[in-house]
Amino acid sequence: EVFIEKETIYEAVDPDKLMELVTEKQTKLQAVLPKLHSLYHKHLATERAYIFKGVEGVKNYLREALKVGEDIYSFAAKGAWFDPRLQPFTEGFLKEAKRRGIKYHHIFDHAVKDGLPEVPKAVGKPYKFLPKDFNTDSTMDIFGDHVVTFHGLELGKLRDDLTIFVMVSPGLADSYRAWWKCMWEQLPEPK
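Residue numbers are given in the working numbering: position 14 of the sequence shown equals residue 14, and the series is strictly consecutive.
Simulated from the structure, these hints should not be mistaken for laboratory data. There is no bait here: all hints are sound.
In the EDC-like style, the derived pairs of lysine to aspartate or glutamate whose C-alpha atoms are separated by at most 20 Å in a straight line are:
(1) Lys125 x Glu91
(2) Lys125 x Glu70
(3) Lys53 x Asp161
(4) Lys103 x Asp71
(5) Lys59 x Asp71
Quick list of the computed label-pair ranges, beta carbon to beta carbon:
(6) Gly124 x Pro170: 23 to 33 Å
(7) His37 x Pro117: 49 to 59 Å
(8) Ser175 x Met19: 52 to 62 Å
(9) Ser175 x Glu154: 26 to 36 Å
(10) Phe165 x Lys42: 21 to 31 Å
(11) Gln186 x Glu154: 20 to 30 Å
(12) Lys35 x Arg159: 41 to 51 Å
(13) Gly92 x Lys132: 31 to 41 Å
(14) Gln30 x Ile51: 33 to 43 Å
(15) Leu172 x Glu20: 47 to 57 Å
(16) Glu189 x Gly101: 22 to 32 Å
(17) Lys181 x Gly92: 26 to 36 Å
(18) Asp160 x Pro126: 27 to 37 Å
(19) Gly124 x Ala31: 50 to 60 Å
Note that CB positions come from ideal geometry on N, CA and C, so glycine has one too.
Make a model of the complete structure from these sequences and hints.
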């Protein structure tokens, strides 16, 4: 804008002015970007759910457990990690979990006590057993902010049509872990 006497005349500005404006905006954006990143990560969806299928799905959720890196609380465990189709993977998983300091806390189905006595020894203490009348073909694991539950297990074996439900929710995981601990306290020590 150019003012001459009582007239206003508009005139084009040097095109480099556009670059100057963009540079100013970029500088301002760079200054606030760390705060925007912080807000973004703070408000990521803390709750989500996904589904895995079959033997590969079990491997996926166990990889997730390694990534989370916290103790694993298993309820109604059946020794399914020892399915022959999982064997090489399970051996590597157990070694890596040990290296990362992940501990297992198992409440096994009673059938494991007589049917697969090597399983509790392989994962180590602490472990307990549910009473005889409470064997099922479902199980649940809790680690970090994850609750994993699935149906389709046999003693030491996974069914081919297994579906694994993974829920990620800090509050839900804390609640399930509290219920797990309540059950743990009610069960006798193994003999």
